[in-house]
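K.L.:
Chains as they are written, first to last, in my numbering: chain A, 1 to 147; chain B, 1 to 414.
Everything labelled a hint here was simulated from the structure, so no lab data went into it.
Treat the hints with caution; some may be incorrect.
[As the list claims (entries may be wrong)] What the simulated footprint calls covered on chain B by chain A, stretch by stretch (three residues with Cβ under 8 angstroms from a Cβ of chain A suffice, anywhere in the stretch; the number is not a length): (1) 314–325; (2) 367–377.
[To be verified] The following residues of chain A were derived to be distant from chain B, with all beta-carbon distances above 12 angstroms: (3) N35; (4) R57; (5) A76; (6) S98; (7) P105.
None of the values given here were measured: they were computed from a predicted structure.
Backbone N, C-alpha and C fix where the C-beta goes; we use that ideal spot for every residue, glycine too.
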Amino acid sequence: MDLADLYRDVIVDHNRNPRNRGRLPQPSHSAEGNNPLCGDQLRVTLEVSDGVLRDIRCEGRGCAISTASASLMSEAVKGHSLAEVAGLFGQVHQMLTSHDAVPGPDLGKLAALSGVREFPARVKCASLCWHTLNAALAGDAAPVSTE
Amino acid sequence: MIALATEVPPGDVERLRAQFPALCRRVNGHLLAYLDNAASAQQPAAVIDAIADYSRNHHSNVHRGVHTLSQEATALYEGARGKVRGFINAASEREIIFVRGTTEAINLVANTLGRTRLQPGDEIVISWLEHHANIVPWQLLCEQTGARLRVVPIDRRGVVDFDAYRALLGPRTKIVSLAHVSNALGTVLPIGEFIAEARDRGIATVVDGAQAVPHQRIDVQALGCDFYAFSGHKMYGPTGIGVLYGREAVLATLPPWQGGGDMILTVSFERTTYNSLPWRFEAGTPNIAGAVGLGAAIDWLAEVGMERIAAHEAELLAYATARLLTIPGLTIIGTAPDKASLVSFTVDGIHPHDLGTVLDAEGVAVRTGHHCAMPVMEFFDLPATARTSFALYNTRAEIEQLHAALTRAIGMLR
């Protein structure tokens, strides 16, 4: 167990300076996610048109992993088609949960989160934003929870 | 630094530590500094061995057989009840009910006393400090009976407002249920004074003693409460066993809660008659091994001495408080003048969960989160805190290990 593998420079940077922070004034999609274990709360707002995720903002409070993951996700999905976003979700999920998975080239900076799987208690912190994004795209009214 | 005359000499602590197998292990390459005792304390070999001896040599069902093992199991189980009686100075073993833990104890009271005594509009008083286990059973009861839950406020130190409490007690108040010691902040309530106010008004009193029992001598007769609940695993015993003390005069008026097994005298399809106290409230085969382990923990505590434990923990609290406050950006949450040996804190710019992970990598076990006391977190507008909580076996060296690990976390993450 190596902490440097969890708190990589990219993650520390995105925690200190989260990208796409805040809330879109008139989102087409929006959802709330909670991680009751840590008290993490996240609101994801999206602008989707013609099958493309054109803009995204994330707002909330959480640990470094959860904050950095949301920030990295926002960069990774912005401007991509919903099909590409779904593909990314699958790859991230695989990376966070399966022990032998080698992060694919599509993941880019998201690969920095691969160390999280060595810390089972923290996987939910990294996946909360993705589940919240999915809930927003699915139009779920109820907040998602990692529990 | 407070220097107490009764302070346990370092060599003495080392001798006690050596009795705890778990404290000898390493975690992530470091000596374990176990500072999560408010969640569960470690078990001494005396407890582990007592449970193993029961399982190896005496395991059987209680109150049933005429055969030797059953009689031995019964003697061990009822012997443990006698130890609990002495430990909290209850008047009689009939007042000692074995349960799974504090949570089940409070649920038992809510489902017996609560359901028979409450009318719509009646009130139950708790404090803002309560663990969820002393909130939710009462909320469920309110839904069932139409009673109302009233909450005594706290101040910024985490002290329960006694005057507000007195003002809340009214003709509709039927039950007061309070934590003796706050698990999230460490606040110790002058519980005797709170109980006396309620008793004077004929209100039933319930005390959640889960965090108090491991740290100070409890005398339920001196306190004068109707119910006092606590858990084995916070007092160096196993999980899955706890105690509800109930004053006999009150217990005798209550209907059973769960049905089956030990709580019964005779059953026919027309009518069932119930067993006498305390077995009337112990349906089903009980956690015999757990009770044996709890009894061993009580023997062990008696040998060490509660006064000695309290003195050592007070010294650790003072030392930890002073050392933690040297860390830039660290804020202690819960600064009541009378505190149990735990420190809840936050560090600017670092989420408690990240602290917890870095500390674990350094072999330091603390609790991070809302501590099952979300209203307390809400009060301080925090999602979570980190909490270090001390036991008899903790040392200044472990507090230094915590300090160094926190310094590393800040270097990494801030």
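K.L.:
For each hint, tell me whether it holds in the structure or not.
P.N.:
These are the hints, each one checked on the structure:
1. 314–325: This one is violated; 0 residues, fewer than the three required, reach chain A with a Cβ under 8 angstroms.
2. 367–377: holds (count 4)
3. N35: violated, 9 angstroms
4. R57: For R57 (chain A), whose nearest Cβ neighbour in chain B is about 20 angstroms away, the distance exceeds 12 angstroms, so it holds.
5. A76: About 22 angstroms separates A76 (chain A) from the closest Cβ of chain B, which puts it past 12 angstroms; holds.
6. S98: holds, 21 angstroms
7. P105: At roughly 29 angstroms from the nearest Cβ of chain B, P105 (chain A) sits farther out than 12 angstroms, so the non-interface label holds.
Violated hints, in rising order: 1, 3; the structure is consistent with all others.
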